[in-house]
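Could you put the whole structure together from the sequences, leaning on the hints where they help?
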Amino acid sequence: MLYRYIVIIIILLISSIQPTMALFEPGEVEPAKYHQFVITSVSPVEFYPSDVRTINITIQNIYGYPAFGVTTLTDKNKADPIKFTHELKKYVADEIGPNQNFTVQYEVYIQDTVPRGTYYIPLTVFWSTVKDGTVKRQEDLYIGIKIIENPEVIKIGIVNITTIPENIKPGDTFGLKVTLRNIGNSKLNQIRALLDVRMPFSSVGSSTEQYISLLEPGQSEEVLFNLLVDKQTPSRLYNFNFTLEYRDYTNRLQSQHSSFGINVEEVSEAYIQDVILSPTTLNPGSEGIIMVKVANAGTNVIKNVRVTVFGGEKILTQTQNFIGIIRPGTSALETTSFGVRVDPEIEVGNYGLNININYDDVNGEHRSRSNLYIIKISEKNSIIPVSSEILDYMLYTFIFMAMSYGIFLMVGFQIKRKK
Amino acid sequence: MSKTKKLISILIIIIYLISLVPFIIASNAGEAGIVIGNQNIDVNSLPDDIQDILIYKKGSYNAILIEDPITEVNKLKGQVAKERKLVLSKETQDKGSFVSIADIEMIVYVTSYNIIDQPFEKLIVGDVKKPEFGDIIETINTKIGQINNYISSTVLTLPLVLSISKVAFLAGGLLVVLILTFLLNSMVALWNIPAIIVLYSFQSFLANLVAFLNNLDVDSTSLMFGLLFIVALPLTFWIQRYERSEEGRQKIHELYEKNNQILSKIKSKFGM
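Protein sequences, first through last, are from chains S and V. For the first sequence, the UniProt record's numbering assigns the number 1 to the initial residue and increments by one for each residue that follows. For the second sequence, the UniProt record's numbering assigns the number 1 to the initial residue and increments by one for each residue that follows.
Think of the hints as simulated: they come from the structure by calculation, not from any bench. Heads up, the beta-carbon is just placed ideally off N, CA and C, and yes, glycines get one too. Not one of these hints is a red herring.
Listed below are several chain V residues computed to face chain S (Cβ distance under 10 Å; list not exhaustive):
no., residue
1, Pro47
2, Asp49
3, Ile50
4, Thr71
5, Met106
6, Tyr109
7, Thr111
8, Met187
9, Ile196
10, Tyr200
11, Thr221
12, Leu255
Lysine to any residue pairs mimicking SDA-like chemistry, simulated, CA-CA at most 25 Å apart:
no., chain 1, residue 1, chain 2, residue 2
13, S, Lys169, V, Val43
14, S, Lys419, V, Leu184
15, S, Lys376, V, Asp103
16, S, Lys155, S, Ile212
17, V, Lys129, V, Ile104
Below is the structure:
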């Protein structure tokens, strides 16, 4: 009978254990109803934007019993905007005894855009109360991370921008020299200067990217870009985007964007395309006309165009003509005429006419340009088909003959009188 | 003929020949003149259009301002001045030098350029050099300066000396023949005619010689006339002797009478 009771009790015990075992299945986690762990230290706690650093978190078992199979976990959703890289769940130890400390390390990345302030990140600790226990307990601990301003100044200053030559005209090839200086307090490496070259500019004989291997604090270096500006480019200020990429003292890639302007300005726009002389041969006393064709070779309208001719006092009837406006392009040629009346007493030879074009450019600046045009005054053709020299000789001969005849008459008269 | 008359005659011929020299040298040196200004100019500082007419467009040129002591130009308000020429040359010459311009690349009458802050009428691109016998002109110019300094006045100038020389060149031959005639005979003679040819031909010969030494062209008429004195000189002496002879005097009388007859016929034909 006793044996029967013992069997019944065993069966009851087994039947009572089965539901309990079904309740605590392996891998099941239940929140701890007491505090087993505390964070005793966190290092470092201050981070700068763009930082990538390892944080050490020291945790102590403050409960009177050991913890088995201890693991830690950070939840990426709860940690945002602070980013934890590498593995988020870490196995710590098989057993952490009472009052025993352990340290876990996480790599933390702080984004550039993270506002300054303090962020609280949960760190969850899992453990078992028994060795090789399948039931895990968990406790959420919190660490505080402070994001502060970086005391290291990392910046490259553009201290000077020059062009060679200084004045750039449409169609010119020129050098653009940018002087960079490390105005921060840490050295910068692998500096890449990138110029955004767009039409009407193009790069000639050099890349739009230039490199500087190292810039110490306070050090300056020059980068040179060779550029060509299209000859049809209108005169104005053109904007260039300039990018600097470099690695800072922590080997992180930094970038800096800026822009500057380059003025393209035409210096000489008007020119004499043709000078037509009619008749083509001028003699002392002859009359005619001289036509000066003026073109605007630039890309802007020029105003108050005047053509003045110097040095034609004995050749021209007027010395200045007003044209007004000349639009750019060869189709907008302007012709101005000057009357020709050659002084009859003028000496034959080449006469230089200084043809001056005065005008105001698009900026209202007064400009002038002069050209020497050589007019040949030839000897007038005589109605008698002999040269003036022959005529002179004939005149001398006549004078001599007359004088000789006079002498003959005087000598003959003297002889006759004596007889 | 007395000894005094002979001496005076020789003296007159010598003075005449000496007075010819300045004009013959100055007028047969081509484009020439006295250097009155000298400045070294970088090609880039010249006006663009002047640069266009230069062959060498790099380096520097000497801008030499010379004044032609013979050629005159009409200025504004009826003024007359000696022609000034600006020579752009690779060579240089000192102030006061008498220079001629060789290897001329361009001659242009220009009045509107300010290159050395002094006006000029002609712009010449070429080389300056000393012409043949140019030292004589320089010496005359120096002596004139010394005389002017001595008398503290500028009465005497090189252009004035050259003008006197020019008068001697144009009228001197005739005057010398007439003076010699009156010294020898006190009356005109037929030998005067070839004698005039002799003197003017010899003048022309000297001028051609100087021009030839300065590598200038001499036209064939001048060349032939310059050699005419070789024939005219013996002819002069022959005529002088012939007209003194009785035969010569008779012949001249006959010719004079014939001439009178012809003139009378012409007069009667025209009712004079």
